[in-house]
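Whole structure, please, built from the sequences with the hints as guidance.
Sequence lines, in order, name chains A and B. So in this note's numbering the end of the first sequence lands on 1231, straight run, no missing numbers. So in this note's numbering the end of the second sequence lands on 355, straight run, no missing numbers.
Hint data in this document are derived by calculation from the structure and do not stem from the laboratory. What you were told as hints is all true, and nothing was included just to trick you.
Straight-line alpha carbon distances no greater than 30 Å define the calculated DSSO-like cross-link-like pairs of lysine-lysine that follow: (1) A:Lys77 / B:Lys349; (2) B:Lys57 / B:Lys223; (3) A:Lys452 / B:Lys112; (4) A:Lys298 / A:Lys219; (5) A:Lys317 / B:Lys337; (6) A:Lys372 / B:Lys320; (7) A:Lys60 / A:Lys77; (8) B:Lys167 / B:Lys112; (9) A:Lys394 / B:Lys72; (10) B:Lys53 / B:Lys31; (11) A:Lys452 / B:Lys349; (12) A:Lys497 / B:Lys253; (13) B:Lys337 / A:Lys452; (14) B:Lys337 / A:Lys132; (15) B:Lys253 / B:Lys167.
Chain B is nowhere near these chain A residues, computed Cβ spacing over 10 Å in every case: (16) Ala169; (17) Lys217; (18) Tyr583; (19) Glu923; (20) Ser992.
Note that CB positions come from ideal geometry on N, CA and C, so glycine has one too.
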Amino acid sequence: MRFPRLFCFFAIVIGSNVTVVADEPVLEFIQGLRQLGYYDTALQYLESVEARPNIPAEVKQVISYERAQILLENAKKLKNLNDQRKQLDASQASFEQFVKANPNHRLAGQANTARGRILLEQARVEIWDGDKPSNEGNRDLFRKNARDMIQRGRGIFKQAVDQHQKAVAAFPSFIPAEEKVTIAARAQAEALYIEAELDLAQCTYWEAQTYDKGNSKRKEVLSAGAEEFEAIHTKYRSMIGGLYARVWQGKCFEEQDEIRIALGIYEEILGHPGKSGTMNNLKDRALRFRLICLNHEKRNDFKLTVLEGEDWLRDAKARSRTDIGLGIQWEMCLAQENLGLDRTTPMPEQANYLNQALNRARTISRYPGELKTPATSMVQRLMVALNREPGDPKDFETANGNADVLFKQVNEINVEINKLLKANKKKEAKTKQETLIATSAEMARLYDIALKMVTPETNPILVNIARLRLAYGLFLQQKYFDAAVVAEHQMTKFGEKYPEVGLEAGFIAMTAFDHAYTHADANDRQFEGDMVANIAEKIAERWPESDRANDARNAVARIHFNADDLLTAAEWYQKIPVGTSNYAQAQVSAGKAYWRQYVIATSKPEAERPSAEDLIKWKNAAILHLETGLAEAEKEIPKDKNLPDDLVGAKLTLVNIRNLDGIYTQQKDGPPGAIELLTAEPHPILKSVEVPKGQPRPTTPGSAQSREIASFAYQQLLRAHIGLKNLEEARKARQSLEDVAGEEDAAALTQVYIEFGRELEQELDRLRAANETERLEQVRAGFEAFLNDLYNREDGQTFYSLLWIAETFTSLADGSRDNPTKSEEYFGKASDAYRKILSSAAADSTFVNDPGQIVGTKLRLASSLRKKPDYSAAEEVILDILKTNPSALDAQFEVASLYQEWGSSGLLGAEDKFFTAVVGSPENAPITIWGWAKMAQFLQRELFTKRDDERLQKLHFDARYRLAETQLEWGKTFSDEKEATEKLRRAQAAVSGFQRISPRWPDEEYARFNQLYRDILSAMGSPQVDLPRDLDGKAPPPVIDPNGGGTTNGNVASTDETSTNSEESGSNVFLMIVMLVFGGGAVAGLYFLAVGGNKKKYAKYETDGKPAPKAPPTDDKLTFPTGPPAGAKKATKKKVTTAGGDAPFILTDEKPQAKPATKKSSAKPSAKPAPKAGQKPKQKAAPAAGEKPKRQYTPEEIKKIKAARAAKAKAAQQKADGVTGDQPRKKPKDK
Amino acid sequence: MRPNHILIAFGLAAILTGSVFAQQIDTVYLKNSEKFGGEITEVTKTDVTVTQKVGNKVEKIPANTIYYIEWKGEPPQLSLARSNERSGNFADAVTGYQEALAALEGSNPRIKDDIDFMLARTGAKIAIADPSQAASAIKNLSDYVASHRDYYRFFDAQLMLAETALKASDTRTADSAFSALQQAPWSDYQLAGKIGSANTLLARDDINAAKSIFDSVAGTSPKTPAEKSRQLEGKLGQAECLQRQNNQDEAAKILDAVVDESTSDDTRILAQAYVKMGDGFAAQGQKNKEAILAYLHVDVIPSLAAHSDLHAEALFRLTKLWSAVGQPTRSADAAAKLESDYPNSPWTKQLGAAS
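Okay, structure coming up:
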């Protein structure tokens, strides 16, 4: 950086030594240097310009102003207080020089404002310095200096106010709307005027700070300040400057002990809508002042202070290190200190509060500013209150000993968290976690100190343990990279000499990276995944025989699995040797990986598809490993027990394969068929998916008894009976399927039938891909005969039976694209079945339960006719739907698809349909058709308010894609090059324009849009280049808080509910480390960190390894997420235990006391139905005896307070005549 | 009274009672963690001779292998001062050494010579993080070298002087000290002299000449751990040259090798390697996480963080990188740590300038 900068500077200076080029953009260049932070270069350049003889007058006039600005900006960046002070003085002098020389210049007002602010800032520093205990003797002198500066500042601000007022008055009272530049200039002048007025009032506030609390003069000045701020607020109540004045008015009241009034004002501000940076700043300030009020002796609402502070931190972690953010945390510290020292607080809670205060105070004390000194003092006080030495230890032994004491506490807290979690008290556990983090921070700090004082005489074993625990402490603070770095260093540099510690360290490193991977953005975690694999490979290479190595192999495999690098994943699973506890699970996982590889490969376009031999090889490998793994695992499960969920998933995958291969029942010497796997002992799948009569099915994803898994099992049963052409058994299976799928939600049944159809379609695709032509014909013929039989039965037909027939014919048609005659015939039959539903419903109103089913059937009919294709008939049906449901999104999608396909059909005059597909119907048409363009806009608007709606997001992507695709197809139909190019350019713009306005696309979307983009370029005859993957400023969204803590209470429950096998087992693999190294207590904390604080899960995949759905949303199918395969865990060999300060290091061959995480234990959590959020008791624990009642706020009370605050704010908002809070006014910088 | 209080009280009593608990013999601690106890009977610039009363065994210990000496009758403050120096509390260390000097009864001038060296060394360490102290540090070390030509700390002082001068861009002093170092009888110190000369050339932007020296050092066949460390320093120099020539890939390979081959005792080499690694990743763009991980080594591994100049640099880089990966809180914390731990570091001064 240095070279180009200097080069640039010297090039200009040398070039300008001779003469000044008249049009040299001097001021722009200075501004550029300032923006880049090249202050010294800017000053040198300014000096060289000033020395030139022919400098233009307008430049010469502002040189001192520019210099002052540079010095001021530079001063703000300087960290050394003395340097900063010098720069501020120089800046002040330069501004003064400018104002004296140019009192009427347009920049004079701004120069005065800057001068005044420098003085005010200097006065504030004087006040803080004077408040330091060390300056007690000179306090009056400091304050007098401050008052003098404020007085000078006041005079300058008065000038500035006059100057800005004149500037505003210079604008005409009416400016036509089209003169946008003038309007913006006036707005800017007004903002400067308001700022100057605020600055003036600020002088009064700060003058009050130069008097002791309780002093009558202070009260008098504060009272005057309140009036000044009120006057500003009254004038500008609808502007952000007015709101700032309001906050400071509250502050003046607070300092006059008018707490109630101040709180009212802050509540009013906090209730304002708006989340812009300016509004956040304003509200943060209001919250800080509010917390000061709550901590005030008149209120002593310490618990509420902590609660509101924690709420704020969860939402605003990224702002936690601003001055105001630190101020909010400082108030939390004060509140926690008070609670911790309050004798009425229960003993264990006292320590919790003090530990949390200590951790925060330490952080605050690192930051320069007004809070540094008090925070440092608080640290000393808290150390004494916690019975610790106030100063840092001076030798390894002391530091290590103190850290060991905390380590013991950390483990105790973990045990408590474990208990709370077992008792389903997640909220309390979450609170406890704050203490865990605070204590582990102090523990890590002490181990860090200890390690810095190692001498040659220090016991190396203690040093190794300290390093391991330092990594652990960092891990508990959710500093995963930091933990990994320390642990990996231990493994690589000390592993040879201390292999046991090295192995555990390696495991911590892997765990840490694994958590980093889990918490990283799904689109940006390749690095973390690579690091897990890297460490795991080292462990497996260095300690190949250890159980850790197997866990490591599992971890590597899982990472590859999640990245869809399935063959590598399978290879890693196969490295887990026979006879180990992980073997069965690894075999199952290898089978799943091969199957998924087969499924993904078969779904690829023919040109990209691997050879049929490879496909069959992978399918056979899947069968082999699934059979081996299941047989091995089932050996360990008593016959009367059900299979665990993950094995049910694996067995269902095998059933799926059996159905694909036509092995419906066991043949002589053959393997068990689909029917046996589903129904025969031991461990039939259908038994595992059963629930006792009357008991609701669990909603936990991946649970064998969930409706999704049970329904999939019955679909497979139905599929097998159809294959056997056993009509009666198939009917029974279909009935069971209806009972399972429709028992709680009738609408879901429709979806199940659609899903069944898609399964069939995929089965046909797979057979075709693997060149299994004979089997393909067999399946097709079998289904056709079966469906014809069913359809021709006149009696007993219901809405669902007909729907099933129609859907299955549709899927058969979709799966028979290789045979257009057959496909058309099947679509025709599907249409007949849909029509039959409609006619039956018309004849008998009880035929359907819900009128929506008729609309849905019509939509499916239209789709079927479109695909047949019978465009006119499809048009008739879809327009009929739109007549009564013009805003039905699915119908609009269908009609746009219809016209797009019609346009592409090559039929005479069909290209006109493209117009409707793109732009929809004319404005006054009797039936509204949106077309892709309006649809995309509509969805974009919807997403403004429903950002997290995944279905809308998918629809939006689809609409945008189809819009560009239609324009491409349309463009290709023109023989006129100009017209074709115009359409193709529009197609191109549709893709690139969409990319510019969207956040970073997921990989899958990028891939399909990129391909489309290349196709468009190809059609244009341009070179095919890729779309940029990351546009400027479109980098992956920042992970503001990857370390958890950002979840709301409500989210905690929901996160837990959605935790899958994968997450728990994935984490549990790594949590073993703590069992072995730190004892069982630590597991709870890690578990909770992994589950409770987690926001992003591993990508889920389906039981049968199907690829992610790519079909349009109307064809959305059910998925059966069970999570990635995970290994069973068991530790039986040597362990390293670190029992705490008293018995720091034990090498033993004994089994660990903590229960090892076996297959069972890892599967256990997921088998339990997750508690429902609504079932959680909302009542907080009763107040401890003797606690002051007024300090107790129940959640209901807090809710009421918040509601009252919101209502009050709303009222104030209405009164304020449309204050938006987001007005484009400049905020006063130092307010 | 709790155990910690007892310990402290005990420590205080030891200090107050002066020589009651002072060393009864001289103990020479070596860099390889071995130690020799006895009476130091001779000290030259190349050796320290220890004579053990039992068996009248005489051990001549080469000066380049000595970590430090615990002197018989040394003031008790000395031990605490050494500990403070080790843990980076340089101001406390200086105070401790000065108190030890004051408490010295003058019976053993060798102790005074040693304390003088430790004072000069601590001054140099302070100067590494605070360049405004460089001039006085260089003067103290120059004075020490001039007045202790036959003391076992002579070559260490030369090395310290050379490195401090180089840091302060005083290449003339650095050149002269590095040349003196090449006169040492031990190959590791000779190599250190060569490396220093190469670094001086690098400071003058003579990359090719510097690289040729680094290549020769990197190509040596080390026989002792000390020589191995010098060889690794040579490789570090190679990597630096390659980075300056914008050959990041080659540099990265060498740095990986340096990290692999370093022992845990090569803390400065490791810290330098990680900083250079981070620089390489950062220069390549799109590798922010890799760069963060590299710099974090120098922040969170205590033995590497003890190198204040490199730690400050790593913190500065982390400040920028945490922001770049969307973690403003970590960025602010790194900046605060830099400001509070190294207020006078040039990196702290740069904090706002290039943002």
